[in-house]
Amino acid sequence: MSKLRFASVWLGGCSGCHMSFLDLDEWLFDLAEAVDVVYSPVADVKTFPENVDVTLVEGAVANQDHLELIHTIRKNSRLVVSFGDCAVTGNVTAMRNPLGGADVVLDRAYKDAQLLRPQVPHDDGIVPPLIDHVVPVHAVIPVDLYIPGCPPPAKRIRAVLQAVIEGKSPEMIGREMLKYG
Amino acid sequence: MPRTLTINGQEISARSDQTILEAAREANIHIPTLCHLDGLTDVGACRMCLVEVSGSSKLLPACTTRVQEGMEVRTETERLRAYRRQIIELLFAERNHVCAVCVANGNCELQDAAIAVGMDHVRYDYLFPKLGLDLSHERFGMDHNRCILCTRCVRACDQLEGAHTIDVMGRGARSLIIHDMNVPWGEATTCTSCGKCVMACPTGALFKQGSTVAEMVRDADKLAFLRAARDRKVWNV
Amino acid sequence: MNLEELNATATSERLARAKKRHHIHVCVGTACQALNSEQIAKALQAELKQRGQSHDAEVKCVGCPGLCSLGPLVEVESRVNGQATTDAPEEDRRKSVLYQFVKPEDAAEIIAHLDGEPVKRLETPLDQPFFTRQTKIVLENCGKIDPERIEDYIAAGGYQALMKALTEMTPQQVVDEITRSGLRGRGGAGFPTGLKWGTVAKADPNAYPTNVPEGIQSRKFVICNGDEGDPGAFMDRSLMEGDPHRILEGMAIAAYAVGANHGFIYVRAEYPLAVKRLRTAIRQAQRAGLLGNGIGGTAFSFNVDIRLGAGAFVCGEETALMASIEGGRGVPRPRPPFPAECGLWGCPTLINNVETLANVPPIIMKGADWFASIGTEKSKGTKVFALTGQVVNTGLIEVPMGITLREIVFDIGGGIPGGRQFKGVQTGGPSGGCIPAQFLDMPVDYESLAKVGSIMGSGGMIVMDDTTDMVEVARFFMEFCMDESCGKCIPCRAGTVQMHRILTKIQEGKATQRDIQILEELCDMVKHTSLCGLGQSAPNPVISTLRYFRDEYEKKINGHHKSKPNGLSD
Amino acid sequence: MTNPLPPLGRAAGNGAATAKPDDRLVSDKRYKIIEATMRRYGYQGHGLIEALHSAQEAFGYLDDFTLMHIARTLHLPPSKVFGVATFYNLFTLKPQGAHTCVVCLGTACYIKGAREVLAAIEAEYDVKAGGTTRDNQLSLLTARCFGSCALAPVLTFDGETIGKVTPEAAAQQIAQRMMAIRQAA
Chain S
1 MSKLRFASVW LGGCSGCHMS FLDLDEWLFD LAEAVDVVYS PVADVKTFPE NVDVTLVEGA
61 VANQDHLELI HTIRKNSRLV VSFGDCAVTG NVTAMRNPLG GADVVLDRAY KDAQLLRPQV
121 PHDDGIVPPL IDHVVPVHAV IPVDLYIPGC PPPAKRIRAV LQAVIEGKSP EMIGREMLKY
181 G
Chain L
182 MPRTLTINGQ EISARSDQTI LEAAREANIH IPTLCHLDGL TDVGACRMCL VEVSGSSKLL
242 PACTTRVQEG MEVRTETERL RAYRRQIIEL LFAERNHVCA VCVANGNCEL QDAAIAVGMD
302 HVRYDYLFPK LGLDLSHERF GMDHNRCILC TRCVRACDQL EGAHTIDVMG RGARSLIIHD
362 MNVPWGEATT CTSCGKCVMA CPTGALFKQG STVAEMVRDA DKLAFLRAAR DRKVWNV
Chain W
419 MNLEELNATA TSERLARAKK RHHIHVCVGT ACQALNSEQI AKALQAELKQ RGQSHDAEVK
479 CVGCPGLCSL GPLVEVESRV NGQATTDAPE EDRRKSVLYQ FVKPEDAAEI IAHLDGEPVK
539 RLETPLDQPF FTRQTKIVLE NCGKIDPERI EDYIAAGGYQ ALMKALTEMT PQQVVDEITR
599 SGLRGRGGAG FPTGLKWGTV AKADPNAYPT NVPEGIQSRK FVICNGDEGD PGAFMDRSLM
659 EGDPHRILEG MAIAAYAVGA NHGFIYVRAE YPLAVKRLRT AIRQAQRAGL LGNGIGGTAF
719 SFNVDIRLGA GAFVCGEETA LMASIEGGRG VPRPRPPFPA ECGLWGCPTL INNVETLANV
779 PPIIMKGADW FASIGTEKSK GTKVFALTGQ VVNTGLIEVP MGITLREIVF DIGGGIPGGR
839 QFKGVQTGGP SGGCIPAQFL DMPVDYESLA KVGSIMGSGG MIVMDDTTDM VEVARFFMEF
899 CMDESCGKCI PCRAGTVQMH RILTKIQEGK ATQRDIQILE ELCDMVKHTS LCGLGQSAPN
959 PVISTLRYFR DEYEKKINGH HKSKPNGLSD
Chain D
989 MTNPLPPLGR AAGNGAATAK PDDRLVSDKR YKIIEATMRR YGYQGHGLIE ALHSAQEAFG
1049 YLDDFTLMHI ARTLHLPPSK VFGVATFYNL FTLKPQGAHT CVVCLGTACY IKGAREVLAA
1109 IEAEYDVKAG GTTRDNQLSL LTARCFGSCA LAPVLTFDGE TIGKVTPEAA AQQIAQRMMA
1169 IRQAA
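Protein chains in written order, with this note's numbering: chain S, 1 to 181; chain L, 182 to 418; chain W, 419 to 988; chain D, 989 to 1173.
Treat the hints as calculated values from the structure; they're not laboratory data.
On the chain L side, residues computed to face chain S include the following (Cβ under 10 Å): (1) His278; (2) Cys280; (3) Ala281; (4) Asn286; (5) Gly287; (6) Ala297; (7) His302; (8) Tyr307; (9) Lys311; (10) Asn326.
Glycine included, every Cβ here is placed at the ideal spot set by N, Cα and C.
Make the full structure from the sequences, and use the hints.
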């Protein structure tokens, strides 16, 4: 059996889901037998490759870069997995939404608390512009699988990946697999 | 007069004054609920307990429908499951339910319901309304972001405590739980600070001050106990 | 007032009326009044006085004769040959002229032409299909009598049915008569009225715990539902404004039949004129001994109170309406128990719509067989519709059940203005559906309308031409339901918001095929799980426009949000 | 009978700070009208909506002080009174402008362009539906249907019905009426 081309991306989230992924401990060796990691925050690859079999997406869509990347991911991946509560629901990343648009948050972060030359960084290429409304991944592109959890426990991640490697749909049933938070 | 009926094909008997929900629970048949709480009157609002009854074209709420002789009830059809999941999704989309930062995480009827209906994601747009947090009461707090408007607190305050400090203002999606005339809870002069509303809350909307993520302890059973003790007058004083 | 006194009043009133050669009727319904019709009445009166013709002609302010689009309307009814008699039906020897778009300045000309040829520039024919194709039972007095004078109503045969019921019939006989007539609820759902009456009549007032307020002496109640909330519907308003006593009489007969001694009329506060006229009518009826204790010299007592709505569409739902009368938030509760067994303050309660009750007196007077001879097999009698939208003749019409939509829109309504094409007609308001042109020849009755995905509703009928955007219509009604949802049950409270959101996305060109699928699933769920009729019917406008005008939705869809096969097995 | 509700003042914001509550009940004759309504219903809870109607008519809106007064007199919990007052569209808790314009958004008006009429007035007076102009001269409201569909689109200005309005003429018609009233005064 040829190895699956595996990617994981980190959008608007805290990287906790990736930490939980690393909690898979020695099973990671088994995983390495079954997949090639072609893109990941823990691998030094600059552009999202083509012909990816499965992509885990951590984090919500919160800025322009995310928005562009997520479309590339969809185009280049057979299977897109919303990985963790931020990707599935928006979660903590989206808690800024009720406050209004991006400016409110930017002002709070860069201006309100600054005494010396308060300004929002704005030069091109310095920071990606925030989008006004943080949305979960499936609000932008079709998503194939969802792994809730903040972060999803390692056991849950393993159960999903195990099924995917075997070419099956994971059974997302019960507390073990579905509890949010 | 006992009544014989079937629920999911299982034959059970019940008293004529029992609801389908009560009869089902006695027979260990689970019917999901959100606005129901033992000890409070039922309002049939959450629609989670809707069941199919032979001969009725409409779905009936198990919590307010009395049993009848020969009734054939089905509680777990594909259609009911699909509806229940939609209802739970609507609730998650309606307000800002963030399990990760909620006092009720791991101890929440809404979270449990999401698991039970198999909600792996929400199909509807999250609305992200801007809602308040009331920490003016010295012992309790109210976070409207987590409220599902089940009115269990309203009924607990009215029917068990007798204070009716809590009610609902506005209507539709703009409905909001209020204290007295929409004053900060700490200024609500009719409140006795008894905490029954906090016990009644199915989510983390009402909580004890000082509790943090996942620290909420549920003691809704106390309310059923109070009601039973009162109705049966077990304390002879 | 007993039967003899009633008859005496009727006779003397008719005699007084016969003495005048000309009867000038000025419509003072809400629409005409908005166009200054009261000024017209004053001007006509002043003109009569100035010309010294007051003995010979009278000006009467009357309810709505129906053709609101030509208002203000003035009708002049004149005796053709000279002599005043009371022995023969005087209508035989009278002729009428109808004037349209009348202004106060026209008064002199109208009065000057009383005895001569009609004023041609103002005249509109009375033999146009708008009038000739109608069958007036419920509206027979609207536009004919002064709604603020009980004598007018009595002269037109009013309160005879009540006296007949009280003195010649047992309550059971009244219920039987209504049952045999085949009358069905005119508020929307079309529940058989006789069956409802029978249930309340049989209901035990002690079956449920009750808490009737002090000062109200009744263990059963009759409620007249005048909370006409459907936008584009004003049948009940016109009835309450134009013939209030008929409603009181209907209520009193209903109360006698079911054993109630107290009734409430729940009226929208947006109808101040209707409230005023009903209040006047109640006062007059009480003074005449036709309401109150010992009605018409019998042992039967019945009092009526008016309760005002306060701007909540959901209060048209019967359990919400009762919650509102009790002074609370207009929030519905699950049924059963039905109001017929456990209603207002826990008492058995009969709730009927205004138009339903207005049908009662003629059924009692003329008999169930007469009523059952009108209409179709399952839908008896007539129905009043408020015909509005893109149609030449807008206004109030009463037609026999079973008439076709084509007759209503093209004959009575005069077709579509501006040479445009007919596209559809919306019946049943926010709870109803849009009926496309292919069903124009369908008979209008409860079953046929339901079959094509709409409902009879309370009687709003909005005609739409080919410029109408059907997705926008669906969005409009969804916005209405969203705003009017009481918020108690989740499917209606949150479901309408999401449906409205998707419809808005479609209108903004931001929706995908997937959104339409989610919309349809939501429609199905909200329809079947909502607590009350508002939620259960809120998806109807979407469902029916998706059924008949799906291409309009598809055209606005932006791309396909479809998953490609992902290679996983289940 | 002892009153179960707490004294006015703490929970009731408006007015309580400046005048003693009971003074206001005595000095403001309009409370007599509300009193009469409540008496008609034997000071029982089912008279709540009628009492609110009468207060709204007397004052133009319902402030906390009045709501609390009604709650006390009818022996109802303040939260219930507030819940009812905010459930119904016709009750308002904010003072209205000197003049009120209500645009009907019923179906018949809607399909004949009521939305455009509303937008035109909003633009002309720089006020959103449901709000009042900054000079407190005009409150702009919407209604679900006046039942005057034959005159669609319809609006009312201080209770007077104006039918068959157009987006172009609506603002002017309102301005004319406001001007006329100002000149008369």
